[in-house]
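Same order as they appear, the protein sequences are chains A and B. In this text, residue positions in the first sequence follow the numbering used here: the first is -14, and each later residue adds one. In this text, residue positions in the second sequence follow the numbering used here: the first is 155, and each later residue adds one.
These are calculated hints, taken from the structure and not from any lab test. Every value quoted in this text rests on a predicted model; they were computed, and no experiment measured them. Don't be surprised by glycine CBs; every beta carbon is placed ideally from N, CA and C. Careful: at least some of the hints might be erroneous.
Looking from chain B toward chain A, a few residues come up when the C-beta cut is under 7 Å (computed) [to be verified]:
| no. | residue |
| --- | --- |
| 1 | K238 |
| 2 | D243 |
| 3 | S261 |
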Amino acid sequence: MNPFDIKAAFLAKHAQHVVLIHFPIALFIIGVVFDFLAQKTKKRGFAEAAYYNLLGAAIFAVPVVITGILAWQFQLEGQKLKGILLMHLVLGCASAVLIWIAWGLHARARRQLPETLPVLRLGLETLAVAIIGFTGHLGGFLSGVNGPN
Amino acid sequence: MRRSVFVASLLVTAVMGLGGIAGEQKSFAARAQEKTASTAEVKIDNFVFGPTAITVPVGTTVTWVNRDDIPHTVVSTDKVFKSKVLDTDEKFSFTFTKAGEYPYFCSIHPKMTGKVVVQ
């Protein structure tokens, strides 16, 4: 498939998942970095940057989950998964939930007081980064990026 | 005496001849059965179907074996056959009963393609 053929790319049904997935991963990781900086420096700019990056990650996680499920339905016709595919699905869903929880904690704190943001969120965000990293590793393995061209 | 020896040797020759013909027929039938029940194997490894193209006679059962570390599928482009997801060392077999060309691919990795030519 020609990667510059927009029509072919959209009709590929499943191809969007491997493209879209990069956005929430990058936005979430950089959001967590800004959150750690905000916690350390107490600067509002870092907290704002963290919030908007986490917001972007939470938004992009929605189409990523949808296209991932569509890939399962279209490519594999929804058959029962096992092994790496099942692990990727479960960890992917867990990653999305953790992203939404992390953003939710920040959104709630913005509506109330920034001081209400629990420090424990940093632990949750670190755990989320680890799970996202492992899920992405499995996804890369499945997509064959390490295979022959 | 001489006549009976002649008749006996004639009978022995006839029996041996018939046995030979029967044996010939049997081996022909066995060969035909072998031909109809032949098998071929395609190995999936390192994101490649090997051999990529395979030519087999009608009636051959082709077995795909996944020797890769990651799951693959075997899906006919013309929707003639389709495997479930094959994990490492899992197999999928299909018997080709009609002549023709059967291109196929892995639905997880569509760049992986192969072809079975049935003659």
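Against the structure, the hints come out as follows:
1. K238: 6 Å, holds
2. D243: Cβ of B:D243 sits 12 Å from chain A, so the hint is violated.
3. S261: 5 Å, holds
Violated hints amount to a single one, hint 2; each of the other numbered hints is respected by the structure.
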